[in-house]
Each structure stands twice: as structure tokens, then as C-alpha cells.
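Undergrad: Full structure from sequences and hints, please.
Number of protein chains: 4
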Amino acid sequence: MRERMNVTVWNEFYEERTYPSVSSVYPDGLHVVLGQALAEHLSPEAHVRVALQEEPEHGLTQAVLDGTDVLLWWGHLKHDEVSDEVVERVRRRVLDGMGLLILHSAIESKVARALLGTSCKIASWRHDDSELLWTILPGHDIVRGVPNPVVIPKGEMYGEPMDIPEPDELVFISSYEGGEVLRSGCAWQRGKGRIFFLASGHEESPIYFQPEIRRVLANAVQWATPPAQPQPKVTRKGEWPRNWWAEA
Amino acid sequence: MRERMNVTVWNEFYEERTYPSVSSVYPDGLHVVLGQALAEHLSPEAHVRVALQEEPEHGLTQAVLDGTDVLLWWGHLKHDEVSDEVVERVRRRVLDGMGLLILHSAIESKVARALLGTSCKIASWRHDDSELLWTILPGHDIVRGVPNPVVIPKGEMYGEPMDIPEPDELVFISSYEGGEVLRSGCAWQRGKGRIFFLASGHEESPIYFQPEIRRVLANAVQWATPPAQPQPKVTRKGEWPRNWWAEA
Amino acid sequence: MRERMNVTVWNEFYEERTYPSVSSVYPDGLHVVLGQALAEHLSPEAHVRVALQEEPEHGLTQAVLDGTDVLLWWGHLKHDEVSDEVVERVRRRVLDGMGLLILHSAIESKVARALLGTSCKIASWRHDDSELLWTILPGHDIVRGVPNPVVIPKGEMYGEPMDIPEPDELVFISSYEGGEVLRSGCAWQRGKGRIFFLASGHEESPIYFQPEIRRVLANAVQWATPPAQPQPKVTRKGEWPRNWWAEA
Amino acid sequence: MRERMNVTVWNEFYEERTYPSVSSVYPDGLHVVLGQALAEHLSPEAHVRVALQEEPEHGLTQAVLDGTDVLLWWGHLKHDEVSDEVVERVRRRVLDGMGLLILHSAIESKVARALLGTSCKIASWRHDDSELLWTILPGHDIVRGVPNPVVIPKGEMYGEPMDIPEPDELVFISSYEGGEVLRSGCAWQRGKGRIFFLASGHEESPIYFQPEIRRVLANAVQWATPPAQPQPKVTRKGEWPRNWWAEA
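Protein chains in written order, with the working numbering: chain L, 1 to 248; chain U, 1 to 248; chain X, 1 to 248; chain E, 1 to 248.
Incorrect hints may have been included.
Which copy is meant is left open, because identical chains are indistinguishable; a pair holds if it fits in one copy or across any two.
Said to hold, decoys possible - Straight-line C-alpha distance at most 25 Å; calculated DSS-like pairs for lysine-lysine: (1) K78 to K121; (2) K233 to K78; (3) K154 to K233; (4) K233 to K121; (5) K78 to K154; (6) K121 to K154.
Honestly, the hints are just simulated from the structure, not real lab data.
TA: And the structure:
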């Protein structure tokens, strides 16, 4: 684990204050529960802060992003109200090395679509299905200590085909009570940044309270944290280092 | 479609003559039904022949392989009795361009393991589950004209994790009645050859009689057929062509 | 080959009318030579038309795109003047199945960045280097009939690291006189569309007159052409077809 | 870094005792220099031991492999004399999580071919070329602290096409004095094990004395070290954990 990880949890924070079906589960906001999940596993190394869509610049000034190692993104109904400028800022920061966790419906957010390039649409969805989250890559950092399968008693079905680029690593596949399937845990490298999509996380169910899912989130944050020491910049011809080793 | 495709259907041909539960479904052998499925879709371009495990050299002499564009492989209980020499011969021919369809339990055959490098083991299996075969890549050649999902009323559950190399293209995912999932349609390139694994095909169910599955098989054979015109060999330094175009 | 392929060659068409170093090589525009290259190999099946940046809607109305199977894109100095609306229109059409060839400096175009998600920046560049274009995947459709290597006497060096998503298939790697390397032929699937980037194509050198490169372009157009028959749409639960085959 | 990493350096150890051109560079054997390189960077966490082809069971008993986290493999002229039994033992151990570094000519070893499935042949080779080793993935663990490019004054050219499965991650590409290129740093996941191929390492040149290459080797060992805590085994239906979290 890195000595210190700066994590920012971004939340749309709309449904929790609007719909009883959501506020009854996440009265203080999804971001609070997500933050607690990370603190539970990653304290004291992780420093977790929150950014909300309603804040100026959506809480994501350049300074905040520059000070963020991993960004979690949860959004659903207000994707279109996120400013293009902030989306571009996030995109560049990911390419420069910041990790990004795309949570549940955020797969269709502007940020996800900007980085992945596709529509990220799913073919079908349905509330109140139970879900089995299956580990496909048992050696992957993100599944460490996670039972296989994880049983989610009630969530939201998201059905394939989902219009995403082929993941670099397909970590989880879910099946739902109705028989549909989803590539529900997908990892991509974009620029120097690592991106992980976790589908499980419907706002009307206490999924982010489930210990197994909290473990997945914490593992994913660790996995997505950029290394402390970057690679030296590429040198141009004529600047290539003399072969000092050969002359020693 | 190529003007002519030479297809060889290889079959272990043991259970069809041993177990009533199998012979009642495939009295003449799985190879016969597989061959009919291809003929149905690919005649007159495809010329289909059969090779059986019991034949000398398992029916796969170098001459047969040299004359084969795409090989279908069905085996289950007798994997270990396939000679290493023939396995190596098949492996080399695939690397040299021959297409290979790995059918159902053949994912654990010596041929599959030699070409993929992993154990190809599945974590669980169970008879008599219904299966939904979901298309993940709607633009892929192999899914052309195939409904999504394909409903298989009764088959055999194969459960993840399955120990295979990450597919180059993940074409199908299946869910089963019991809730398990499988990467049930996987495509790999190995050398100049194309390999496709289709999990659906339990020998106690008439799955290869299903029109949708027959369509998948025919599509896969077309997809795996090598091009008629190969690339010129690599030239060594000093043999590189003069820039004849620049001198014209 | 498809019975008919509708190809649109899009060109920025600025340098050919501005700089003698370019107009002396491509006096009628790069698009004319690109179109001739395709006609040479793909007539009469391919119908090639041209669209220019200076035209209304950059020549890419929805109707034009709907009637295009494969789009070639050449741009360099005027990327920023391409309207976001047209970029989004192209992006959607690719996701819906249209093929796209990204040529040379167009790797940094808005269209390429929108579909790939990364900055697409290269670490270094330099004029007047000779280039060797090496085939990495000898079985790939795009290299059929192409010598290995292709010798390009004078072009433009593009040096790694290049900030692109890992290609689904790495078809070519180039080395340059100065020692740099580039993943110069990259294939991606995005949605239902196929994308191919070919780096070779500097506007001050007659690279698109080279027979080997013309062959690569024609092969890539064929490879990127969507199939005539699409897959049926996904059906929702409750609409799944009865197992009509079982009842026949 | 893991608290303790057990590393085994395996060497054919033939040329160093046979050819003056090799013994003059590596008088004590390549394994000694490789071990020193790792000790230099990874002490005291790494415990490095040596295994030689000439030893009983090639020094790789089941007990040795079970106690190895990462295995380095250097071989060249005696590939065929490695016993199939040991190869199979190594293959299984990698699938079970052991990391593997395939060094230089070992890309054509039995172990590499068994795990990768292809012939691993290169199209051309030549002694005494200088090499530039270019980083393609600047965010990758293996390139941390490594200059880009690394200049290798004299080595052995290995030319594409090389018959390997598409790497999961292409970390380095080399260009050589003669103009050839190679995917010289390739990463694969196989089972639970991580595999890395580093081409640079010709036995007649002091490449493993170069600080940049030693850094690459140390980084690769860390990257390939399996996590201390494995994932729980998959549970079968009926054994799935009660949702204890929901009942708390």
C-alpha cells in the first residue's frame, strides 16, 4: 500500500434528497457510505474527501484533481448537467495517471464516455433482481479476499450487450435473477491512468454496505493508485544518455 | 465466402456408442450432425469430411491436415488417449493458418491446452440446466443472424472461473438456470490461425440440432477460414526490394 | 469482397493549397490520390466519394454518413476547426458500424480522440526520415499481399510513447532512420465499427503513391467494411422466442 | 514491496563454460549476475537462489517451485534437453500463481512455448547490433525509473514477426541498428501467474550489467510476485454464503 493515497468521492447527490426509495437507504448520500467503506479498509493511508455535483466546478477544481490519486464517480440522472470543461479536466488528469472508479450508472456519464469513446449504453435494465457477482480472474488484485460469487440479494439488472471497448481485464461477470448477464467488473488502462468499472451499486439497495463490495472498492482504489515514482520523460535523439555504465 | 473451404470434423465418438443418454440424441455420432449443420449453411462451398479418434493417427495425417482449412474438435472422456504426436501436428497446422473450433468439453482437450497454454479447467459443472447464450459483440462475424439471447432449454452448466488466456474477443457469455456464468464464446488468434471456443454442445441434449447454434457453427467456420492469399515471407536485410515504385 | 462498398475520403485539404512542399507532391489534394488508390484495387465494388473540411458540415451530413460504409480521415493543421457536432455524428456512425481509417496526423484529430478517449499524442516527430514498416501479424487481412518490411524512403518519424489505448490488434510497427519506433498500424473495435490507424502518410512525400501502401489502404477498407447482414436486436425477457426448433 | 520474495534464477549454464566470447563476459555464469542485479535492488526483501539445468530435476523439484514466488529462466542451446516433466511442473506452478521472467533466447524454451502455445519463433536475428529499448507504456510498474529509451551499445537483433500470442500488455519495443523491430517487453497473465518476456540479454554482451536493465529486471520481479493473500475458492451452488451482512 502507498504511504498515502488521496481519494476523492464524487457524487451527483440528487436522488438521495429526492426519492424516498433512495433516501431511506442512503440518507446522508452515497458518497458518505462510499467514503466510510474506503476508510474502513484503507485508513490511515487513505485520505478521503468528497466532491459534489452542486459545488462550484462540481467540486473538481484543477487543484483538487491535482491532489487526487483516485477519483470515484457516482452519477445517474444528471449526467448532462456536468460541464464539458470539468469532464475534459478529469479526462486529462486520468491520462496523466489519476485512477478512476466508475460506479454503477456512471458508466453512462460524460466522464466515462469521454475516456472510453463508446456510448456505454446497456441493452436492458430492471429493478429488484438478485445478482451473483462472479470472479473471472482469480489472480487479480481487485478480487483479493472477495468470496466467489458475491451474492447481492437485490439490485438492478444491467443487460448485455453493453457498448464499451473490450476491457483490458475482465474481472467480474454478473448474472441476474432474470437470466441476463453483464461484464460487471472491467479494467482499462488509459494513458497512465487505471480505470475500473463496477456495475453493482444500485441506489435503492444497500449494496455499498455489503462487506464484500466494500472490499472490492478498497481493493480497486489500491489497484488504481498511481505509483509514487513516475518514469523519466522520453529523451529526444541527441539527448540520449551517454553510456555512462560502459565507461565507469 | 471463400470459393472452397475444406472442413474436417473430428470426433472422439465414444459416448454415442456407449451411453443410451447420448446415443438416443446422436445415434450416428455428433460428427454427423455437426457435418450436416455445416453443409446446410455452407454448401456447396464447404467440403466437409470426418476424422475419428479410433482411426489410425486419429484420422489426422499430415496430408489430411494440410488439406484442411478449418478443423472442428469434439472430445470428452478420451482426451488422454490422443497421441502427443498428433496434438503437436494439429498445433503446428493451426499456427500455420488452419482454423480450429473447440467444441464444448474439448476445451480441456490436449489440443486446446497445447495451443492456449493454460489448464482450461472450469470451476464447476452440472447437467440439465437451461442456458441463455448472450451476444456480447454485436458486430462480430460469428453472431451474424443469431438471435440474442439464444435459449437452450437443456444443456450442461460450465461455471467460471475457467482457466483460459483472456480471449482476444469475447463473443458470447452464458448464464445458466443455477445462476452461474461462463465466457461461452471465445476467439483467439494463435500464429496465423484463428481459434473459436463454443461451450454450448452437451452430448445429452440436441443442441447441435438447434438452428441458432448451427448458424453460429457455420459463421465460425467462415470466420476461421484462412485467406486464400498469404502474406509474402519476411525479407532479410540486404534483400529488401529496391524501391521500384520510385523508379517507374 | 462485398458487392458494393461506399467509401468516403475526407480531407482537410489545406496544406496542398498552401505549401509548395506539399502541393508539389499532391497538387490535386491527398484525397484524390487516396481515392485513386482505392479505385485501383477495389473497383468496381467500391464507390468512392470525397468530402472536404471546407464544405458545409464538412461534407459529412447525416445522409452522407448513413450512406458510407468506410470513412477515411486525413487532417493535420486544422483539427480544432472541425465542428464538435460533426465529430459526434461521425463517432455515433462508427459505433453503429461504419469503418474508419485514421491516416497519419489524423491520429490527433478530434474524431480519433473522441473514439479512442486518449490524447493520442506522440512523444516526438521529425521530417525526412526513412521508415521500415514491419508486419507483426502475418495472418491479418490488412497485410495480405504486402511485402515485409515495406521500405518508405522518406517520410515523417512519429516516436513512442504514443498515448493510445492498447490496440486490439497491433498490425504494423515502424522503425525510423533515427532509431525511433511506432505502433504504426493499429486496429480497434469500437461499438460495431472497425477502426484502423496507419501512421505512414506524410504529406510531403509520395507515400500514398507507393504500391505497397495503396495495397494496405485497400485491404484496410475491405477489412473495415461492415457486414451486409446485421445481428437481430436483443430481445427483452418475455419476448424471448419460443423454442420453435424443439417443436418442429 | 512484499515482505519477502523468493526468487529462483534458472540457467542453462552451458555457453559460459564453453565459448570464450561468453565466458569473458559472464565468467561465473549469467545466473550470478542476474542474482546480483536482483539483490542490488530488492534486498533484503528478496531471497535469491539459483537452479541449474545440470542439477537433478534441473534443480526444480516440486519443493523448490513451491517455495518460489518468481522464476527467471535463461536458456538457449539446450532447450531440447529440458525434461518434459519439469516443464509441466513449471507450467502448473505458473498457472497457480508463480511469476515467470523469460529472458532473451528463452522465448523459444519449452517452458515459454508450453505456456504461450505458439512456436515463439522470430523471423531473423543478427549479432552485434546496437539496440534502443523504447518504453511504450509509461505508466507500467516495470518501467518505473527506467530511462526512455535505454541505449544498448551492442546486443543481438531479434526481428519480427515473432510468433507469440498478442501480449496483454506491450511494455517495450526495440529497434536495432539494422532497422528491424521487436516487441521486446511483453506481459501476459496465465492462470494466476504473471509472465514477462525481456528480449534484451545477449550472452556475449554485458547487458545484464547495465543499470537500466537491472532496474527493469528488479521491477519485473516485483510486478510478477504473487499477492500474499489469495482469493477464496469458488463456492458451489448451495454453499453460497448466507447474507450474513444483511442479518447483522
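Undergrad: Of the numbered hints stated earlier in the document, which are not met by this structure?
TA: 2
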